[in-house]
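Colleague: So you can see what is in the structure, the chains are spelled out below.
Protein chains: 2
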Amino acid sequence: MPTPDSPEPPMARRGFSTFQPGETGPLGTVELTRDEVVAFASAWDPQPFHLDEAAGLASPLKGHAASGWHTASLLMRLLADTLLAGARSMGSGHVRDLRWVKPVLVGDRLAARYVVREVRPSSRGDRGYVETDFVMENQNGVTVLTMSATLIIGS
Amino acid sequence: MPTPDSPEPPMARRGFSTFQPGETGPLGTVELTRDEVVAFASAWDPQPFHLDEAAGLASPLKGHAASGWHTASLLMRLLADTLLAGARSMGSGHVRDLRWVKPVLVGDRLAARYVVREVRPSSRGDRGYVETDFVMENQNGVTVLTMSATLIIGS
Numbered sequence: 433m434p435t436p437d438s439p440e441p442p443m444a445r446r447g448f449s450t451f452q453p454g455e456t457g458p459l460g461t462v463e464l465t466r467d468e469v470v471a472f473a474s475a476w477d478p479q480p481f482h483l484d485e486a487a488g489l490a491s492p493l494k495g496h497a498a499s500g501w502h503t504a505s506l507l508m509r510l511l512a513d514t515l516l517a518g519a520r521s522m523g524s525g526h527v528r529d530l531r532w533v534k535p536v537l538v539g540d541r542l543a544a545r546y547v548v549r550e551v552r553p554s555s556r557g558d559r560g561y562v563e564t565d566f567v568m569e570n571q572n573g574v575t576v577l578t579m580s581a582t583l584i585i586g587s
Numbered sequence: 433m434p435t436p437d438s439p440e441p442p443m444a445r446r447g448f449s450t451f452q453p454g455e456t457g458p459l460g461t462v463e464l465t466r467d468e469v470v471a472f473a474s475a476w477d478p479q480p481f482h483l484d485e486a487a488g489l490a491s492p493l494k495g496h497a498a499s500g501w502h503t504a505s506l507l508m509r510l511l512a513d514t515l516l517a518g519a520r521s522m523g524s525g526h527v528r529d530l531r532w533v534k535p536v537l538v539g540d541r542l543a544a545r546y547v548v549r550e551v552r553p554s555s556r557g558d559r560g561y562v563e564t565d566f567v568m569e570n571q572n573g574v575t576v577l578t579m580s581a582t583l584i585i586g587s
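Chains as they are written, first to last, in the working numbering: chain A, 433 to 587; chain B, 433 to 587.
Incorrect hints may have been included.
It does not matter which identical chain is meant; a pair holds if it fits inside one copy or across any two.
[What the hints assert, rightly or not] Calculated lysine to aspartate or glutamate pairs in the EDC-like style (CA-CA distance at most 20 Å, straight line): (1) K494 - E563; (2) K534 - D437; (3) K494 - D558; (4) K494 - E455; (5) K534 - D558; (6) K494 - D467; (7) K534 - E455; (8) K494 - E550; (9) K494 - E468; (10) K534 - E569; (11) K534 - E485; (12) K534 - D484; (13) K494 - E569.
In case anyone wonders, no lab produced these hints; they're calculated from the structure.
This one's a predicted model, so the numbers in the text were calculated from it and none came from an experiment.
Kindly generate the complete structure, drawing on both the sequences and the hints.
Modeller: Given below as structure tokens:
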């Protein structure tokens, strides 16, 4: 279980037309413990460099590195607790260019933020698509993850 | 914890030059239980339609749907247990076009497979990049997830 430190979501749930290109904001921060890194990897990505410090140090990752799917799931949790908790979220159907730019190591503290790139209504009339870019940085200001997703938000 | 039913990985670990464009194979199958769907969503994606059957039925997902990150993590687990367990895996830095084509619902049984699209050596000399397409289908033969990833495989 992550222990995110997320900003409070707004009380009212936003519809898609309240989103504007260029809107940006923080999604919160989270620190990765060794136990969480091992637990996620054991369940979902049991490669040696995610399970064991010595194997991680001997690998190109140069340390005990979290699974990239762990980092992405942490971003999802922060997003769900903030932007989506305050919006009429209907999920997402598409992530483009999920990049694990640098290894995320045990003890790293990650901060996530978002930027809205494009907003367009769906032909269904009851929802819209919010194309959003995401960035996660570590405690040294180094970008570790980037991705773009199509958020589906109700009217 | 998933309960994958993965083919046995080969004994020897393959280097990247053993991969050829067009190579394809199964990665195994896995069934999603309600408890697993709720546990993953509670930890990583606590949106109502992932947590609760009634909320899922009332949503555009039309059922108690797994988080898309849960489905992707299941694919990662199957991949780690099979193709990567039998290769000199160094991880991955890039996923393109992760598409949740159709909802994955509690009780679905998913089968995953891969197709190698392109293989190229790294300029570092000790590894190569295996561009691989992945597909997950449900028990009705409906594609529920597609993605392309760059696998980094040692020489």
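Colleague: For each hint, tell me whether it holds in the structure or not.
Modeller: Cross-check of the supplied hints:
| no. | hint | verdict |
| --- | --- | --- |
| 1 | K494 - E563 | neither (34 Å within a copy, 23 Å between copies) |
| 2 | K534 - D437 | neither (22 Å within a copy, 32 Å between copies) |
| 3 | K494 - D558 | between (48 Å within a copy, 16 Å between copies) |
| 4 | K494 - E455 | neither (36 Å within a copy, 31 Å between copies) |
| 5 | K534 - D558 | between (39 Å within a copy, 19 Å between copies) |
| 6 | K494 - D467 | within (19 Å within a copy, 36 Å between copies) |
| 7 | K534 - E455 | neither (26 Å within a copy, 29 Å between copies) |
| 8 | K494 - E550 | neither (37 Å within a copy, 27 Å between copies) |
| 9 | K494 - E468 | within (19 Å within a copy, 32 Å between copies) |
| 10 | K534 - E569 | within (10 Å within a copy, 31 Å between copies) |
| 11 | K534 - E485 | within (17 Å within a copy, 38 Å between copies) |
| 12 | K534 - D484 | within (18 Å within a copy, 36 Å between copies) |
| 13 | K494 - E569 | within (18 Å within a copy, 36 Å between copies) |
In summary, the numbered hints that this structure violates are 1, 2, 4, 7 and 8.
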